[in-house]
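> Start from the sequences, fold in the hints, and give me the full structure.
So the sequence lines, in the order shown, correspond to chains A and B.
Take 241 as the starting number for the first sequence in our numbering and just add one per residue.
Take 4 as the starting number for the second sequence in our numbering and just add one per residue.
None of these hints come from the bench; they were simulated from the model.
Note that the structure is a prediction, hence the values are computed from the model and not measured.
There may be inaccurate statements among the hints.
[As the list claims (entries may be wrong)] Which residues of chain A face chain B? A few of them, derived with a C-beta cut under 8 angstroms, are:
| # | residue |
| --- | --- |
| 1 | Gly261 |
| 2 | Ile265 |
| 3 | Ala270 |
| 4 | Phe297 |
| 5 | Arg301 |
| 6 | Leu307 |
| 7 | Ala313 |
| 8 | Trp317 |
[Stated by the list, open to error] Stretches of chain B that chain A covers, calculated by requiring three or more beta carbons in the stretch to come under 8 angstroms of a beta carbon on chain A:
| # | region |
| --- | --- |
| 9 | 72–80 |
| 10 | 151–163 |
| 11 | 197–204 |
[Said to hold, decoys possible] Computed Cβ-Cβ distance ranges for the label pairs, DEER-style:
| # | chain 1 | residue 1 | chain 2 | residue 2 | range |
| --- | --- | --- | --- | --- | --- |
| 12 | B | Gln19 | A | Ala247 | 20 to 30 angstroms |
| 13 | B | Gln55 | A | Tyr305 | 15 to 25 angstroms |
| 14 | A | Leu324 | B | Gln55 | 18 to 28 angstroms |
| 15 | A | Ile309 | B | Leu132 | 23 to 33 angstroms |
| 16 | B | Asp126 | A | Ile309 | 37 to 47 angstroms |
For every residue, glycine included, the Cβ atom is placed at its ideal position computed from N, Cα and C.
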Amino acid sequence: MIAHPVATLRSYVLVWVALIGLLLITLGSAYVPLGPMNSAVNLAIAAIKALLVAFFFMHLRSAHYMLRIAAAAGFLWLAILIGLSLTDFAVRY
Amino acid sequence: MTQAVIVARQFDDAEQQRKASDLGMWVFLATEVLFFGGLFTAYIATRLHDPQAFAIASRLTNVTLGSINTGVLLTSSLMMALAVRATKLGSGRAALGFLCATAVLGVAFLGIKFTEYVLDYHDHLVPILDFSHPGPHAGGVENFFYLYFFMTGLHSIHMIVGIVVVTVLAVMTARRRFTPDYFTPVELGGLYWHLVDIVWIFLYPLLYLVSRT
Numbered sequence: 241m242i243a244h245p246v247a248t249l250r251s252y253v254l255v256w257v258a259l260i261g262l263l264l265i266t267l268g269s270a271y272v273p274l275g276p277m278n279s280a281v282n283l284a285i286a287a288i289k290a291l292l293v294a295f296f297f298m299h300l301r302s303a304h305y306m307l308r309i310a311a312a313a314g315f316l317w318l319a320i321l322i323g324l325s326l327t328d329f330a331v332r333y
Numbered sequence: 004m005t006q007a008v009i010v011a012r013q014f015d016d017a018e019q020q021r022k023a024s025d026l027g028m029w030v031f032l033a034t035e036v037l038f039f040g041g042l043f044t045a046y047i048a049t050r051l052h053d054p055q056a057f058a059i060a061s062r063l064t065n066v067t068l069g070s071i072n073t074g075v076l077l078t079s080s081l082m083m084a085l086a087v088r089a090t091k092l093g094s095g096r097a098a099l100g101f102l103c104a105t106a107v108l109g110v111a112f113l114g115i116k117f118t119e120y121v122l123d124y125h126d127h128l129v130p131i132l133d134f135s136h137p138g139p140h141a142g143g144v145e146n147f148f149y150l151y152f153f154m155t156g157l158h159s160i161h162m163i164v165g166i167v168v169v170t171v172l173a174v175m176t177a178r179r180r181f182t183p184d185y186f187t188p189v190e191l192g193g194l195y196w197h198l199v200d201i202v203w204i205f206l207y208p209l210l211y212l213v214s215r216t
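Structure, rendered in structure tokens:
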């Protein structure tokens, strides 16, 4: 039998507190006039929230490197999809 | 006594079988990222075409219900993570409670989302059915709401699948199908639930918070 290590209850609750805190910050920041920086701040916060979920709730923090490669591959190809599309759309208008 | 895990003949042992299942699930999740990625790309292209229309349209969405729903979904993810933890620790009763909480929060999310759709309909924001918007940006605003309904709709379909999966896992847990040695279905169901949560984490600022000032 192989023991499967688990993170503490406390660590999961702390990640949830951070996620709810970030939700409140992103909602509050949307009402502060920052111009184009509003969207940048909101997307940066969304990325942090996604990483918190991926690393702690989805256990990427302690995952085998094969799983990390598969996870990274999805986002790498997404970056290619969006990046190559922007070579057209970002300069069209 | 713990039951022995059934190992399919192509695997050396239970651990290798478990890792293969995990890898398969992550590859599937990568395809899901690209599935939603096409819509995110369409969103970016449409928004660049008429950024002002997206600012106007975003202010017409219901930010109160959208924010509450984000909180509901983040909390459901915590419940799912705790269900996986409880299953690995062998406490089936706790796992069953957390799985039920996950499913209930998922249903609450869909209920709030449906309420929002009804309010959107009364505000004449549903393209094809009853869309009307005054002003020069009407076309761009309508484009935003095409994307809004398509993206949140596709996300809701994933939520329905997730709720069915979690319910099946709850029934299996009640029947004591999982042990600290065998918990692959719970773990993979959890990964799916968290990915659907991550999709919403990006939908929330892109649809509700474009321009609130």
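> Run through the hints listed earlier and report the numbers of any the structure violates, in increasing order.
Hints 1, 2, 5, 10, 13 and 15 contradicted; others consistent.
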